[in-house]
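Enquirer: Take any residue in the first sequence, count from 1 to its spot, add 34: that is its number in this note's numbering.
Errors might be hidden in some of the hints.
Once the Cα atoms are required to be at most 25 Å apart in a straight line, the calculated BS3-like pairs of lysine-lysine come out as [to be verified]:
(1) Lys121 <-> Lys324
(2) Lys708 <-> Lys694
(3) Lys335 <-> Lys278
(4) Lys246 <-> Lys233
(5) Lys251 <-> Lys390
(6) Lys614 <-> Lys589
(7) Lys604 <-> Lys625
(8) Lys324 <-> Lys552
Okay, the calculated beta carbon distance ranges per label pair [stated by the list, open to error]:
(9) Ser325 <-> Glu101: 38 to 46 Å
(10) Ser180 <-> Ser55: 36 to 44 Å
(11) Leu600 <-> Ser254: 17 to 25 Å
(12) Ser180 <-> Ala559: 56 to 64 Å
(13) Gly309 <-> Glu730: 51 to 59 Å
(14) Ala559 <-> Asn152: 50 to 58 Å
(15) Ala50 <-> His173: 40 to 48 Å
(16) Lys307 <-> Asp550: 34 to 42 Å
(17) Asn282 <-> Asn560: 26 to 34 Å
(18) Asn269 <-> Ile518: 55 to 63 Å
No wet-lab data here; the hints were simulated from the structure.
If you're wondering where the values come from, they're calculated on a predicted model, not measured in any experiment.
Idealized CB from N, CA, C, for every residue including glycine.
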Amino acid sequence: MSSYNLLSEPIRKYIAEQNWSELRPIQNAAIQRILTTTDNYILSAKTASGKTEAAFLPILTDVDFSESGVQVLYISPLIALINDQFKRIEELCEHLDIVITKWHGEASQSAKKKLIKNPNGIVLITPESLESMFCNRSHEIPHLFSNLKYVVIDEIHYFDGTNRGVQLNSLLYRIQKRANVNFRLIGLSATIGDLESIKKFGGRPLDTKVLKDSSSKPTSVSFKYFESKGGNNYNLDLIKDLFKEVYNNKVLIFPNSRGKVEEITHYLLKISKQGNLHTNFFAHHSSVDKSLREYIENFAKTNTYSPFSICCTSTLELGIDIGSVDKVVQIDSTFNIASLVQRIGRSGRKDGQESKVVLYNTNSWFLLQSIAIWELYQQGVIDSKTNAVYPFDILVHQVLSVIRSRNGITQNELINYFEQNYSFEHVTAIQIEQTIQSLLEKQIIEQTGQELLISLEGEYIVNSKDFYSVFESEQMYKVIHQNIVIGELPLNPMLSEESKFLLASRVWRVILIENDSKKIIVQPANSGDKPTFYGGPVDISHIIKEKMLEILISKQEFDYLDQASLDALKILRDEFAVYKLVNYKIDRPLKHDVNKTELYTFASSKINRTICLFLDFNGIKNDYNDLENSIILKLTTAQDLYKLFSKFNIDSKEINLYLKEVIEENPNIIDFSKWGKYLPINQQVSLLLDAYYSVEETLQFLNNIELKENIL
DNA sequence: GACCTGCTGCGGGTTG
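Whole structure, please, built from the sequences with the hints as guidance.
Expert: Written out as structure tokens, the structure is:
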């Protein structure tokens with residue numbers, strides 16, 4: 035039977051009205067498989083290939099919405115995506131009598147109350163709102179979800195390998211337990227790196243199948259090279275070239291940081307105004323006020339004819355609906371392949387159109403990284419993030435949430451509950467007990483009779499609105515002009531009264547800083563600096579670093595490079611030719627200089643960080659540059675380094691003891707994790723070794739490499 | 001050189 039015939043009458047009617055000539059491959063496959071099996075499915079297909087419909091056409095056919103209780107739970111990482119999908123699903127349900135409810139922090143309270151009173155239909159929610167449901171409406175969970183048939187997770191790759199993903203998986207387990215229900219899971223994504231890891235969502239990896247439409251849109255690419263000379267400032271020629279590239283098109287520009295977004299938007303606007311051309315240049319990032327961002331998104335979506343450029347960070351990387359753009363500009367390399375795939379997918383969304391991407395680079399290492407990522411993308415390789423094997427920090431958060439939600443639970447019940455929780459599959463009962471003991475010792479929880487309860491101290495933590503998320507957020511000051519919020523900035527020492535900065539593509543002068551209400555009052559000004567934002571380094575995966583070396587030592591030519599890129603690549607290749615590297619898996623350059631030695635690792639950021647940990651442990655001073663892949667040491671020979679590496683094969687007890695000392699001396703080291711500080715010290719050590727460093731992998735890497743030296 | 005994500009419930013006021 036054709037997949038169309040499997041669909042219910044109202045759904046077929048809907049399809050007829052859409053004037054679709056045919057169903058897309060991913061839709062056909064999904065309808066067939068979802069309606070004829072009981073498996074979970076991950077639907078993977080390129081952006082704008084109709085994945086939402088692929089999930090909902092069969093689900094709407096399968097589910098009897100006249101029954102009470104929420105039938106379908108759609109989970110999204112972003113509020114903006116929920117708002118977009120709400121409209122789409124509403125259209126899909128036009129001929130069906132189905133209630134659709136948005137449930138997130140900015141959704142209507144009355145709609146939520148209505149759902150509680152009469153739970154049914156489809157609910158669209160964020161993981162954090164789900165967490166809050168367990169905390170504040172625990173007794174409603176069975177009533178809401180005991181008839182749940184499907185959970186749909188949108189942009190599921192975004193959760194994979196992240197703390198938010200561990201939290202989400204734990205929440206799915208908690209729904210199953212609390213509402214005593216078994217649901218099917220449908221995950222949607224355009225970019226999947228690690229299939230095995232994604233299949234674990236929902237706790238039935240063996241019954242979770244992947245439907246993948248690997249067809250990709252033709253993409254035209256060009257690389258341009260404008261070296262930045264001194265400091266962080268862009269080469270003026272880059273800005274002029276960029277202007278020519280964008281001013282007559284609809285474009286998204288991704289320069290990788292909020293400060294650079296402001297800088298580039300400012301320059302482009304300036305050039306355009308000088309030439310009396312249009313002023314549709316926008317800055318879009320997390321520090322620009324939400325209403326302003328929505329205005330920009332809406333401008334892009336509704337505007338059919340006029341050209342515009344939105345300069346943005348990853349805020350416009352996921353599937354928020356802004357319509358189609360003509361081209362995507364990436365300035366310096368993305369940090370991973372999935373990011374590039376998502377960004378490219380934003381152009382040429384209409385059928386038959388090709389995607390267009392222009393990659394600018396401002397130094398040769400970024401150029402090399404960009405080529406590596408582009409080549410891997412062409413090969414269909416996507417890099418993936420990996421979770422900690424023992425995510426103790428999320429465990430501590432979930433333990434607190436469960437105690438709060440249950441309003442008292444015995445220790446044995448709690449241990450048993452988390453032993454079965456598939457989100458913590460490798461964590462043992464003894465380890466769970468240690469986590470609980472630590473919370474008791476730190477007096478976050480207390481024991482009353484047989485039951486564990488949140489203590490007075492703990493109430494402050496679990497009752498704070500900051501409790502629901504597993505990621506940290508810094509204190510921000512609102513930037514206000516004439517009672518209108520422009521955006522928000524972290525307060526830094528550079529910012530004082532009379533200082534000037536760029537935000538939302540305009541220059542502002544600080545009039546007043548109100549510390550109590552966390553406000554910065556500003557007025558427009560003529561010139562100013564880009565604002566300073568705090569941000570940690572972003573890890574680069576091993577396959578990208580390895581590919582960079584492969585390209586560096588090969589003679590491979592790339593026809594998408596402009597002359598300046600070719601020249602820059604040649605200089606870098608010539609520089610490394612002296613090492614006579616043959617095998618990119620094994621050979622690593624060791625550069626002897628007049629008073630220092632540089633080890634070029636071409637390894638993942640995590641491995642580099644771990645090598646530095648080993649060096650610190652052995653009292654060897656080192657300096658590390660992730661972009662250039664190099665660890666700088668005092669003068670040393672390859673023989674000395676081999677000797678040192680063999681010493682790294684140390685008893686893990688020693689490194690544990692060392693890390694304990696490090697943590698005791700500097701407790702802030704654990705702050706890379708929001709909930710890490712509540713863990714016992716041995717679990718803090720484990721978390722560092724597991725999530726921050728990578729000992730096994732690093733030892734394997736060091737045992738495998740052969741150093742190739744230059745002769746001074 | 002350095003992304004992003006989310007957030008309760010209540011009480012008091014205003015509006016239709």
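Enquirer: Hint by hint, say whether it matches the structure.
Expert: Hint-by-hint comparison with the structure:
no. : hint                          : result
1   : Lys121 <-> Lys324             : 19 Å, holds
2   : Lys708 <-> Lys694             : 19 Å, holds
3   : Lys335 <-> Lys278             : 23 Å, holds
4   : Lys246 <-> Lys233             : 13 Å, holds
5   : Lys251 <-> Lys390             : 10 Å, holds
6   : Lys614 <-> Lys589             : 13 Å, holds
7   : Lys604 <-> Lys625             : 19 Å, holds
8   : Lys324 <-> Lys552             : 17 Å, holds
9   : Ser325 <-> Glu101: 38 to 46 Å : 39 Å, holds
10  : Ser180 <-> Ser55: 36 to 44 Å  : 41 Å, holds
11  : Leu600 <-> Ser254: 17 to 25 Å : 19 Å, holds
12  : Ser180 <-> Ala559: 56 to 64 Å : 59 Å, holds
13  : Gly309 <-> Glu730: 51 to 59 Å : 58 Å, holds
14  : Ala559 <-> Asn152: 50 to 58 Å : 54 Å, holds
15  : Ala50 <-> His173: 40 to 48 Å  : 44 Å, holds
16  : Lys307 <-> Asp550: 34 to 42 Å : 38 Å, holds
17  : Asn282 <-> Asn560: 26 to 34 Å : 28 Å, holds
18  : Asn269 <-> Ile518: 55 to 63 Å : 35 Å, violated
Figure legend: structure checked against the earlier numbered hints; the only hint not met is number 18.
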